[in-house]
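Residue numbering for the sequence shown follows full-length UniProt numbering, starting at 1 and increasing by one per position.
Just so you know, the hints here were simulated from the structure itself, not pulled from any lab data.
Fair warning: this is a prediction, and the values are worked out from it, not measured in the lab.
All C-beta atoms, glycine included, are put in the ideal place defined by N, C-alpha and C.
Accuracy of the hints is not assured; some may be wrong.
[Stated by the list, open to error] Cβ pair distances, simulated, as ranges:
1) 118 x 222: 47 to 55 Å
2) 85 x 259: 15 to 23 Å
3) 92 x 211: 35 to 43 Å
4) 299 x 385: 34 to 42 Å
[As the list claims (entries may be wrong)] Keeping only pairs whose Cα atoms sit at most 30 Å apart, straight-line, the calculated BS3-like set for lysine-lysine is:
5) 421 x 309
6) 425 x 341
7) 341 x 421
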Amino acid sequence: MSTTAVPDVAVAPVDEGFWTRTRKVGLVLVALGLLATVLFGALATDATARFTLSEDAAGAALEIHGTFGAVLFGLITLAAGGAMLAGPPKRWFIPLLAMGLVGFVLSFLCWQVSDAPAGQNFMPLVNIVRGTFLLALPLIFGALAGVLCERSGVVNVAIEGQLLMGAFSGALFGSISGNVWVGLVAAAIGGSFISLLLAVFSIRYLVDQVVMGIVLNLLALGITGFLYERLMQTDAARYNSAPRFSNWEIPLLSDIPVLGPALFRGNIFLYLALLLVLVIHIGLFRTRWGLRTRSVGEHPTAADTLGVKVLGLRYRNVIMAGAVAGIGGASYTLALFSFTKNMIGGKGFIALAALIFGRWSPTGALLAALFFGFADQLATYLGAINSIIPGQFLAMLPYLATILAVAGLVGRVRAPAADGKPYIKG
Numbered sequence: 001m002s003t004t005a006v007p008d009v010a011v012a013p014v015d016e017g018f019w020t021r022t023r024k025v026g027l028v029l030v031a032l033g034l035l036a037t038v039l040f041g042a043l044a045t046d047a048t049a050r051f052t053l054s055e056d057a058a059g060a061a062l063e064i065h066g067t068f069g070a071v072l073f074g075l076i077t078l079a080a081g082g083a084m085l086a087g088p089p090k091r092w093f094i095p096l097l098a099m100g101l102v103g104f105v106l107s108f109l110c111w112q113v114s115d116a117p118a119g120q121n122f123m124p125l126v127n128i129v130r131g132t133f134l135l136a137l138p139l140i141f142g143a144l145a146g147v148l149c150e151r152s153g154v155v156n157v158a159i160e161g162q163l164l165m166g167a168f169s170g171a172l173f174g175s176i177s178g179n180v181w182v183g184l185v186a187a188a189i190g191g192s193f194i195s196l197l198l199a200v201f202s203i204r205y206l207v208d209q210v211v212m213g214i215v216l217n218l219l220a221l222g223i224t225g226f227l228y229e230r231l232m233q234t235d236a237a238r239y240n241s242a243p244r245f246s247n248w249e250i251p252l253l254s255d256i257p258v259l260g261p262a263l264f265r266g267n268i269f270l271y272l273a274l275l276l277v278l279v280i281h282i283g284l285f286r287t288r289w290g291l292r293t294r295s296v297g298e299h300p301t302a303a304d305t306l307g308v309k310v311l312g313l314r315y316r317n318v319i320m321a322g323a324v325a326g327i328g329g330a331s332y333t334l335a336l337f338s339f340t341k342n343m344i345g346g347k348g349f350i351a352l353a354a355l356i357f358g359r360w361s362p363t364g365a366l367l368a369a370l371f372f373g374f375a376d377q378l379a380t381y382l383g384a385i386n387s388i389i390p391g392q393f394l395a396m397l398p399y400l401a402t403i404l405a406v407a408g409l410v411g412r413v414r415a416p417a418a419d420g421k422p423y424i425k426g
């Protein structure tokens, strides 16, 4: 095999002038701070906004005057934006951004909670946290599947199809067998089937990976929709009544305020998602497999020269990613719902956005998925308290958060250098 040496090229830093990325984000935060301080402060009422540490209105709560809270947190957002406009060191970018966004959200919530009808002017934090994690579960599994693929140099646009096939397979085989574990294994195999097709066509036959991913999403939608109509709709008791995983409570940890009931009284999918984030993170950055995976995603020719079997590693990682996404799809049908056509509803694409927002890392993907899950849960909560915000806007809130996060907050992120580039062994 012949290789070509590429000389090092010195790249001059780009002069961004006065309007650096930090100052641009700071300007946005200043605008949000003014909006929160003036508008939310004016719309908030004199009622007390209660954030209860339980699942209902009872028990201990964090209380704040509605108008005062909306103005106070708006000023915090304004201060964070002003600090970023001053051009702080780069290490302060994330803390100031987080402070500004949290302040804006809290100002908004002070307005909404204080303005809610009598008896509904409270936010149960346990339910909010629990709902955030439940809604984020398929996003976490899907984003982890994307990490495994794209760190290996294969673009995975087929996350939607992998989640959908996993949800369908889990429901079908779990119903037929009457065994929830059989359904879980079937879900992993269903997701792996879509990934196997992605691997074969993109790695072996060099088909454009983005186009292939879209085709596989349509294939999964067609197969599951057809079998749903032929089997599940005609005999739901036999083919669409899979058993459910029960919740497992972890002693002591479940007694921690707010986080305990939300995190440590969950089902297997919650624990498995958090465990996979840890395992994949350690695997990618602390093991030989991870070093080889990252080298294949960055410079496959150099990895091949050192004896790494590039194509074989890509096959294994892509198929393993499909199994992870398939299990994520089963978090719907083996824990929450019966299967319905196209029940994933675009969550695979949000998981892809979480992957980019999380900068192709497992922990970053987790945090991004929780961000989108919170946006989804917030829309549900606002609908429950009869918010004056139109229902159509609330329904699109998770997707709007996705667009804003990827387009406006990610900044300059770099995918693995060989991501989406087929490798032809010389």
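* Asked: Hint by hint, which ones does the structure fall short of?
  -> 2, 4, 6 and 7
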